[in-house]
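Number of protein chains: 6
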Amino acid sequence: MNKKEIGLKNLAKIDGAAAEDVFEALKNIAPDLNDMMLEFAFGTIYDRKCLDFKQREMITITSLLTQGGCENQLRVHIQASLNVGLTQEEIVETFIHCAPYVGFPRVLNAIFAAKEAFKKAD
Amino acid sequence: MNKKEIGLKNLAKIDGAAAEDVFEALKNIAPDLNDMMLEFAFGTIYDRKCLDFKQREMITITSLLTQGGCENQLRVHIQASLNVGLTQEEIVETFIHCAPYVGFPRVLNAIFAAKEAFKKAD
Amino acid sequence: MNKKEIGLKNLAKIDGAAAEDVFEALKNIAPDLNDMMLEFAFGTIYDRKCLDFKQREMITITSLLTQGGCENQLRVHIQASLNVGLTQEEIVETFIHCAPYVGFPRVLNAIFAAKEAFKKAD
Amino acid sequence: MNKKEIGLKNLAKIDGAAAEDVFEALKNIAPDLNDMMLEFAFGTIYDRKCLDFKQREMITITSLLTQGGCENQLRVHIQASLNVGLTQEEIVETFIHCAPYVGFPRVLNAIFAAKEAFKKAD
Amino acid sequence: MNKKEIGLKNLAKIDGAAAEDVFEALKNIAPDLNDMMLEFAFGTIYDRKCLDFKQREMITITSLLTQGGCENQLRVHIQASLNVGLTQEEIVETFIHCAPYVGFPRVLNAIFAAKEAFKKAD
Amino acid sequence: MNKKEIGLKNLAKIDGAAAEDVFEALKNIAPDLNDMMLEFAFGTIYDRKCLDFKQREMITITSLLTQGGCENQLRVHIQASLNVGLTQEEIVETFIHCAPYVGFPRVLNAIFAAKEAFKKAD
Chain A
1 MNKKEIGLKN
11 LAKIDGAAAE
21 DVFEALKNIA
31 PDLNDMMLEF
41 AFGTIYDRKC
51 LDFKQREMIT
61 ITSLLTQGGC
71 ENQLRVHIQA
81 SLNVGLTQEE
91 IVETFIHCAP
101 YVGFPRVLNA
111 IFAAKEAFKK
121 AD
Chain B
1 MNKKEIGLKN
11 LAKIDGAAAE
21 DVFEALKNIA
31 PDLNDMMLEF
41 AFGTIYDRKC
51 LDFKQREMIT
61 ITSLLTQGGC
71 ENQLRVHIQA
81 SLNVGLTQEE
91 IVETFIHCAP
101 YVGFPRVLNA
111 IFAAKEAFKK
121 AD
Chain C
1 MNKKEIGLKN
11 LAKIDGAAAE
21 DVFEALKNIA
31 PDLNDMMLEF
41 AFGTIYDRKC
51 LDFKQREMIT
61 ITSLLTQGGC
71 ENQLRVHIQA
81 SLNVGLTQEE
91 IVETFIHCAP
101 YVGFPRVLNA
111 IFAAKEAFKK
121 AD
Chain D
1 MNKKEIGLKN
11 LAKIDGAAAE
21 DVFEALKNIA
31 PDLNDMMLEF
41 AFGTIYDRKC
51 LDFKQREMIT
61 ITSLLTQGGC
71 ENQLRVHIQA
81 SLNVGLTQEE
91 IVETFIHCAP
101 YVGFPRVLNA
111 IFAAKEAFKK
121 AD
Chain E
1 MNKKEIGLKN
11 LAKIDGAAAE
21 DVFEALKNIA
31 PDLNDMMLEF
41 AFGTIYDRKC
51 LDFKQREMIT
61 ITSLLTQGGC
71 ENQLRVHIQA
81 SLNVGLTQEE
91 IVETFIHCAP
101 YVGFPRVLNA
111 IFAAKEAFKK
121 AD
Chain F
1 MNKKEIGLKN
11 LAKIDGAAAE
21 DVFEALKNIA
31 PDLNDMMLEF
41 AFGTIYDRKC
51 LDFKQREMIT
61 ITSLLTQGGC
71 ENQLRVHIQA
81 SLNVGLTQEE
91 IVETFIHCAP
101 YVGFPRVLNA
111 IFAAKEAFKK
121 AD
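Residue numbers (full-length UniProt numbering), protein chains in the order written: chain A, 1 to 122; chain B, 1 to 122; chain C, 1 to 122; chain D, 1 to 122; chain E, 1 to 122; chain F, 1 to 122.
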């Protein structure tokens, strides 16, 4: 399997439905970017040892919360976090843990993204 | 125990030595800020259920890497991560995982902070 | 009075209506976060001496403008700024003052948030 | 010609229509801010030698992508980029180039802003 | 007086010594940038009505704390804050006020910048 | 040639010396990260059509200036910009162009990084 195939395989376990949406959205404007995400993010990074998918999604949603302005990606990775086995409580707790480090506003944005993602998931 | 006492107890398990340095550095200019960190960060947040200290430090170093410009706090929390049981490999892997989400420059800054912290710890 | 009660008392003077909305929005997903904001932000920080509520809201809206992506919180604190006595002109001038420090894009975002908040307030 | 007049002349070449919208949006709340953008951004900066309008717009959209949360300004400057002669392919490639430096989430936000701007432009 | 002269006059009241250092540092590489700061920041923005120099410096140091990575400029404006009449206590309190909005790490960076600036000022 | 070999070939044209330093610095702590930068940044992104190396470095230094706190990477890419044919004047002008979009503080940080890089290069 090449990296793109590995990426597709990993993505199927993490969030196949959202991946389809992004692939669709990118195909007429930047299809190469979709390949890069498959090869680098899902085929290389997520395929590495040492941390499991639950830890990796916890890191991803923390990073997305912290940089701000990435609520779309955050909703996708909140769903992905549920898919790989994080509970709703663990996701919310991850966000609350960030409050002393990034302040309440970014945490509130993440919590409200979670609220939407949880509603859609239920 | 009040929250400050709980904070001191948790901090002793996480990173007592660094806490002393920060307390010393703040005592003539903003001693109240030290109390707030004890009460809110270590007495309230770190004392919550649902995530353990290893997960909490993984979230903290991810958030510090992502916001950038916090290398001093990152070095303290890399040491704290080691103290609560994360391995050097897990810390480095946490940083590498962030590359697709924040780009290489911030990841490199964190890796070099880890290099210094690991050398000091050894 | 404990810190939560002090926070509620201060919040009533600053922005009771918005606080109700946030409390409602958080109660099913992260009610503890609401308590933390009451205790730490409004019960501890806003209750301190040295700066008055008008100065504190001026600092808050500057920080929200600067970090970007916090337009929801900005609208709440623009209303809060009006509630504690800042004029519309002072709020706009605070945002304009930031232009040489953060550039025009974030300032424009804040001005348009103010435009909405002022319209709602009138 | 004073700087405001130079700014208006440059802006007409870069993005007259969007400028009208911003002027309209600001005139009741912060008309001075509109003048500052005309004088400083378009009358001083864009009027300088050494880089042409195509290079300047490439720099502008890179900076807007990187800081995040400025999708409104990004859409305006994607249109401006087309107006001064950058192709859709060059704009998309500028955004893709940023992936190793800022990560995929901000790049995706910019690509989707481009998609909207291109559709409106066609 | 043109805007550059107004800027020089205002700067003399705010922070003449630091201005000399920046002018010296820029003169061989980007002297025009020095003029722009004089004309736009000190000749236009600081010269406006509605807010006084103390309020303007309070906004400036809040914005610099919040964006992070601007400790050099922060030290200059902490000195400027003292020059226009803010007390050391008010400067520290401004930084502490930001904790719930940006988190402790950026606040600590600002407090330590203040510690250096206060020591140099005494 | 595989992507790593393409990356090495491109890197040799862009900044061989700095690449050696980074390779050395990473080899004991995160050698895989070095490979990822070679494969993704230099073997994939810099190898794409549509934009030349001069345009790509202009985008890179703009992105590094804008995100802040990346002065080490900025110095490397200022040297790389010179290597691929950008003049000192064009690099400085790129930074000055950013002033209306990110404010003066980040621009000053980049100018001072350029000053160091130019001195080292001469």
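No wet-lab data here; the hints were simulated from the structure. Some clues are possibly wrong.
To be verified - The list that follows gives simulated cross-link-like pairs (lysine to aspartate or glutamate, EDC-like), each with its CA atoms no further than 20 Å apart:
#1 K3(A) with E5(F)
#2 K119(B) with E90(F)
#3 K4(A) with E71(A)
#4 K4(E) with D35(D)
#5 K3(A) with E24(F)
#6 K119(B) with D47(B)
#7 K3(E) with E90(D)
#8 K115(F) with D21(E)
#9 K115(E) with D122(B)
#10 K4(A) with D32(A)
#11 K27(C) with D47(A)
#12 K3(F) with E89(A)
Verification of the hints:
The straight-line distance between the Cα atoms of K3(A) and E5(F) is roughly 17 Å, inside the 20 Å bound, and the hint therefore holds. Annotation: proposed proximity of K119(B) to E90(F) is violated, straight-line Cα distance about 40 Å (limit 20 Å). Simply put, K4(A) and E71(A) have alpha-carbon atoms about 26 Å apart, too far for the 20 Å limit, and the pair is violated. Between K4(E) and D35(D) the alpha-carbon distance is near 17 Å, which keeps this suggested pair within the 20 Å criterion.
Restraint check: the Cα-Cα separation between K3(A) and E24(F) comes to about 27 Å, which exceeds 20 Å; the hinted pair is violated. For the given pair, K119(B) sits about 30 Å from D47(B) by alpha-carbon distance, which is inconsistent with the 20 Å threshold. Restraint check: the Cα-Cα separation between K3(E) and E90(D) comes to about 39 Å, which exceeds 20 Å; the hinted pair is violated. Distance check on the hinted pair: K115(F) and D21(E) sit about 15 Å apart at the alpha-carbon level, within 20 Å; holds.
Annotation: proposed proximity of K115(E) to D122(B) is violated, straight-line Cα distance about 31 Å (limit 20 Å). Note on K4(A) and D32(A): the hinted pairing holds, with a Cα-Cα distance of about 12 Å set against a maximum of 20 Å. Restraint check for K27(C) and D47(A): not satisfied, since their Cα atoms lie roughly 38 Å apart, outside the 20 Å limit. At most 20 Å may separate the alpha-carbon atoms for a hinted pair to count; K3(F) and E89(A) exceed this at roughly 42 Å.
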